[in-house]
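Undergrad: Heads up: the protein sequence lines correspond to chains A and B, in order. Per our numbering, residue 1333 is the first one in the first sequence, and the count goes up by one each step. Per our numbering, residue 30 is the first one in the second sequence, and the count goes up by one each step.
Hints listed in this document are in silico derivations from the structure and should not be mistaken for laboratory results. As the structure is a prediction and not an experimental result, all values here were calculated from the model. In this text, a Cβ means the ideal position worked out from N, Cα and C, and glycines have one as well. Among the hints, a few may not be true.
As the list claims (entries may be wrong) - Listed below are the simulated DSS-like cross-link pairs for lysine-lysine, each with C-alpha atoms no more than 30 Å apart in a straight line:
1) A:K1389 - A:K1401
2) A:K1349 - B:K100
3) B:K100 - A:K1389
As the list claims (entries may be wrong) - Which chain A residues face chain B? A few, computed with CB under 7 Å, are given here:
4) P1340
5) Y1342
6) P1371
7) L1375
8) Y1380
9) F1427
10) Q1429
Residues per chain are reported as follows:
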Amino acid sequence: EAQVTQNPRYLITVTGKKLTVTCSQNMNHEYMSWYRQDPGLGLRQIYYSMNVEVTDKGDVPEGYKVSRKEKRNFPLILESPSPNQTSLYFCASSFFQGNDEQFFGPGTRLTVL
Amino acid sequence: GESVGLHLPTLSVQEGDNSIINCAYSNSASDYFIWYKQESGKGPQFIIDIRSNMDKRQGQRVTVLLNKTVKHLSLQIAATQPGDSAVYFCAETPTGNQFYFGTGTSLTVIP
């Protein structure tokens, strides 16, 4: 089944404890992106990647890192999480750049205490 | 930064009626626009898209209208069904890589 998977789906952590949220797609998509969703703010783009080893900042990249060593994986790294990073995170992918239908993962709900 | 807004945060319609969800965008350089549907507990799901060289596009029961003069986008859902109840987001991109989403409209279909 063609899909975008994220792990973990739920995570509660404490301030400063490094964490990684994984994202994987099995559709051979070139473009991948991370978003956070907060009440009243909609989805905001954190980082995106046009292909392997090519990443760039979105609208709200502060406090996050990403890497794209393989085409299928695009992990989101929080080196030192803070409470303002408590949010619902979505990974998405599309075949070619973003001018195409994006497929979203199921989301990761992160709480930073 | 970009600003993509929605005219109404909530919308209630009777089953069988048509629904219209509106969206205003701010970047006149945006050339690709998308509508997404998000059901409770799930990720957004693509509904329909439109490029700036068009002003109307139709899908199955959905139509997107684009008015570049006033930077306005709308989603029309024909014969709304209970399964259409969800939050609807518009999104725009001037580059094809960076996306800006609206804050969403919650559609409730009354049986």
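Undergrad: Would you mind marking each hint as holding or not holding in the structure?
TA: Verification of the supplied hints:
Only pairs whose Cα atoms come within 30 Å are accepted, and A:K1389 paired with A:K1401 is accepted, the gap being roughly 17 Å. Under the criterion of a C-alpha separation no larger than 30 Å, the hint pairing A:K1349 with B:K100 is inconsistent with the structure, at around 43 Å. Of the supplied pair hints, the one linking B:K100 and A:K1389 holds, its CA atoms being roughly 25 Å apart against a limit of 30 Å. Interface hint at A:P1340: violated, since its Cβ lies 15 Å from the closest Cβ of chain B, which is beyond the 7 Å cut-off.
Checking A:Y1342 against chain B by beta carbon gives a least distance of about 12 Å; that is not within 7 Å, so the hint is violated. At its closest, the beta carbon of A:P1371 sits 9 Å from a beta carbon of chain B; the interface hint therefore is violated under the 7 Å criterion. Restraint check, A:L1375 versus chain B: the minimum CB separation of about 4 Å is within 7 Å; hint holds. Against a cut-off of 7 Å between C-beta atoms, the interface hint on A:Y1380 holds, since the closest Cβ of chain B lies about 6 Å away.
Annotation: A:F1427 was flagged as interfacial toward chain B, and the flag is violated, the nearest CB pair being 12 Å apart, outside 7 Å. Here the hint on A:Q1429 is kept, as its CB sits about 4 Å from the closest CB of chain B, short of 7 Å.
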